[in-house]
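So in this note's numbering, spot 99 of the sequence shown is number 368, and the numbers just go up one at a time.
Bear in mind the hints are in silico, worked out from the structure with no lab data behind them.
Don't take every hint at face value.
The calculated DSBU-like cross-link candidates involving lysine-lysine, where the alpha carbons are at most 35 Å apart (straight line), are [said to hold, decoys possible]: (1) Lys-323 x Lys-352; (2) Lys-396 x Lys-560; (3) Lys-560 x Lys-352.
Just the calculated beta-carbon pair ranges, DEER-fashion [what the hints assert, rightly or not]: (4) Asp-350 x Ala-545: 38 to 44 Å; (5) Glu-334 x Glu-532: 36 to 42 Å; (6) Asp-461 x Pro-558: 28 to 34 Å; (7) His-497 x Asp-350: 41 to 47 Å; (8) Pro-568 x His-333: 28 to 34 Å.
Because the structure is a prediction, the values reported are computed rather than measured.
Glycine included, each C-beta is placed from N, C-alpha and C at the ideal position.
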Amino acid sequence: MDDVMDESRACAPGPTGDNRPIGVFDSGLGGLTVARSIATALTHESIYYVGDTKRCPYGPRTEHEVRSFALQAGRWLEAHDVKIIVIACNTATAAALSVAQQTLNVPVIGVIAPGARAAINTTRTRKVGVLATELTVRSGAYTRAIQNLDAGVDVYGCPAPSFVDIVERELATGAHLQERWLESGDIFDTPDIRAEVARTLTPIADTEVDTVVLGCTHFPLLAGPIRHALGAGVRVVSSAEETTRELTDILQRRGQLAAEGVEPQHRFATTSDNLAAFAAAGSFIFGQPLKSIEHVDLPELERLYRR
């Protein structure tokens, strides 16, 4: 578990709640799948989302680069008075979770431990595939997280470097403007995408895995082609719902859930220079309009990191 506190540090629930926003960070748009889950389950909570779209994807980058990017975003969110930070990016979780928890002054959770729990709760053969970016697979973070829960589970990592590019490219075309995202596929379930997904999944297609974890928050958008390639006998799980459950538990124990009846105020920020494109694609994934979007300059983030 991404252990950001113990019971001895839990705060007693306050009568008025804590209406500060939940900070959510991702390398781009994919983390909005997690933000959507949070907004759906915690209807009174406000979210402050940062997407580092200009430097996306993180998968091919070095661990040092990703760690610095995550700390930059974390400090930026911390400066905007969030009460907790969710690193809604598997690559950044693998590279930076522990150092972010040690460095920042608010609790920080990631998406790998929740994804590992979802896999353990689903598998029956105790053979689990992990579909993720190169850095996440290379780090071994999912293998450790899964085997910390059940040392007898065999874990098969499968890098999918093209999947983030597919999602970002499809969103950039504007095809999503006439569609509503459904987890079963939609604009992402085309013959070309199915062929690329099948090719990428070849290393685990002949294993005996019965569960595959979507180890990148972009990948739920490709769930349809992924399920098609793996076949009906393989369950596909993502970390979004399990992360939301962990987040809810932490806020409850700390007495930091927002007060009942509070109208949530969702805000969004991006390093992209094209706010209109971010708004259109983000609204498609988040499931509601992104009404408040701001641009964050990279020099501003870098100054915070050097502080």
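Quiz item: Which earlier hints can't be squared with this structure?
Solution: Hints 2, 4 and 8 contradicted; others consistent.
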